[in-house]
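Asks: First residue of the sequence shown: 1255, per the working numbering; consecutive thereafter.
In short, the hints are calculated from the structure, not lab data. Ideal Cβ placement from N, Cα and C applies to all residues, glycine included. Errors might be hidden in some of the hints.
Said to hold, decoys possible - Estimated spans, in silico, between C-beta atoms of each pair: (1) P1500 with A1372: 25 to 33 Å; (2) R1351 with S1485: 39 to 47 Å; (3) G1515 with M1415: 17 to 25 Å; (4) G1515 with P1481: 24 to 32 Å; (5) F1422 with R1532: 18 to 26 Å; (6) R1532 with P1420: 48 to 56 Å; (7) N1424 with D1504: 23 to 31 Å; (8) E1517 with A1372: 14 to 22 Å.
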Amino acid sequence: MTTSHPAFHRRRSAMTLLSGLALSLSLTGLLTTAPAAMAQAYPSKPIRLVCPFPPGGAVDIASRAIALELSKNLGQPVTVDNKPGAGGNIGGAEVARSAPDGYTLFMTTSGIQAINPALYAKMPFDPSKDLAPVSALVSLNNVLVLHPSVKANSVAEVIAMGKAQPGFINYASSGSGTSIHMSGEMFRSLSNITMTHIPYKGSAPAVNDLLGGQVMMMFDNIPSAIPHIKSGKLKALATTGARRDPTLPDLPTIAEAGLPGYESGVWFGLMVAANTPREIINKLNAEVIKGTKSPEFVKRMTELGYIIHGTSPETMA
């Protein structure tokens, strides 16, 4: 499924304007022709795509899927480099410091762009100034999943448990500020119960502890939760979107299940270091959009619950 997403229009990255003294007409000529020449030769070597979360989670799955398409379209290997930690800030800072040449890409999330700046007092980079958008890639809903041993089989029963035993319920997340964390915080706030948040360095390690019974529940991204739901290893109660998710149509939304007004989700998109030549950004954008229309990409992403976008840099900003 391909659509637009309102979150893509909420923030517009500031674009730095480069200025300088033209020492001569020949220098001016070099300044105006160099970017076009660079874009024409790009890419001439392998490209690295930094994923700010560990292997196995929804961000990693999306990163690897688009890296495969870009490798085919650009004629150079695009390899995923996982740099987890600090809610995505570690990976983001590394890309922000990288050369603005299009050879280091970043898979960002709506949490990194919109939530982290408010949550972290000292971010190591400014997502709106130190990175430049390429394309919004996908969006998705989360799903409330419980370890099978938890004696609650509906949203109402989870809330009742929380009210009867304040502080008894704990929930895992992929890190502070992520959509998984914020989905839990919204649930806690609207239900007026006390829950203990247990952050991890990514969805995959959080799910591992949930599967092992070390934590009770999680608002996981649907793509990484689906295999465990289908195998019966996790108990799914409701999804976080405004409407039922087509991947899990039998599950109610959390709003349907007893918390009116509840809605939570996330989007992922590609970025590069600020000041990357516009010609290179345009080339990357064209190949990303081409990749999102690949039958293999569409089939894999939609089966896992992703909503495919593929937008202009301006739409993402």
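Asks: Tell me the numbers of any earlier hints that the structure contravenes, in ascending order.
Replies: Violated hint (a single one): 5; every other hint is consistent with the structure.
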